[in-house]
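J.: For the sequence shown, counting from 1, position 32 maps to 32 in my numbering; every step adds exactly one.
What the hints contain is simulated information worked out from the structure, not anything from laboratory work. Please read all numbers here as calculations on a predicted model, not as lab measurements. No residue lacks a Cβ here, since even glycine has one placed at the ideal position from N, Cα and C. One should not assume that every hint holds.
What the hints assert, rightly or not - Keeping only pairs whose Cα atoms sit at most 30 Å apart, straight-line, the calculated DSS-like set for lysine-lysine is: (1) K58 to K120; (2) K140 to K126; (3) K140 to K69; (4) K140 to K162; (5) K85 to K116; (6) K126 to K116.
What the hints assert, rightly or not - Taking CB as the label site, the calculated pair distances span: (7) S29 to P84: 18 to 28 Å; (8) G133 to V13: 26 to 36 Å; (9) K120 to V13: 42 to 52 Å; (10) D106 to E151: 19 to 29 Å.
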Amino acid sequence: LALASWPSLSGLVDTDAAAEIDWVVSLVSEIRSVRSEMNVPGGAKVPLVLVSASATTKARAERHDETLKRRARLDAITFADQAPKGAAQIIVGDTTAAIPLAGVIDMGAEAKRLAKEIDKTVSEIKKVTDRLGNPQFMAKAPEDVIDELRERQADFEARQGKLKIALSRVEDAA
């Protein structure tokens, strides 16, 4: 056994199975992201509506029904031709999924909270940009401080982008 060669594992890759599991993982991740962005209570179970789902998507959803419900905290998975009103929409591959949130969260309060968060990030970005745009500061500041400020600016811009996406989902759902 110590001198035997390693077995050949060629031909054992199932690309269809890998694509299916990747779809499940991506869908659960996106649902969790939306729940987090929209401040959906952790214990709340929400329905999922797969919009204009293909036969492949329906089969995947039915095969992994229990996994999706447990991992994404869903109470039901249904299929429809169009997204219901008051639903946040996400796209995973060729699948459009809608999460009806109208009765779960207060859309108006959530929109105000997100707008306030966006305003905060705008002011933080302005502070950092002003410091980086100051020639005297740039001449005197150590390189690691400048790098840290650029990193903070990138973080704030990324956060602002996510908040804007969340706000558009809330406004679309309202």
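J.: Taking the earlier hints as the rules, which of them does this structure contradict?
T.: 1, 3, 4, 8, 10
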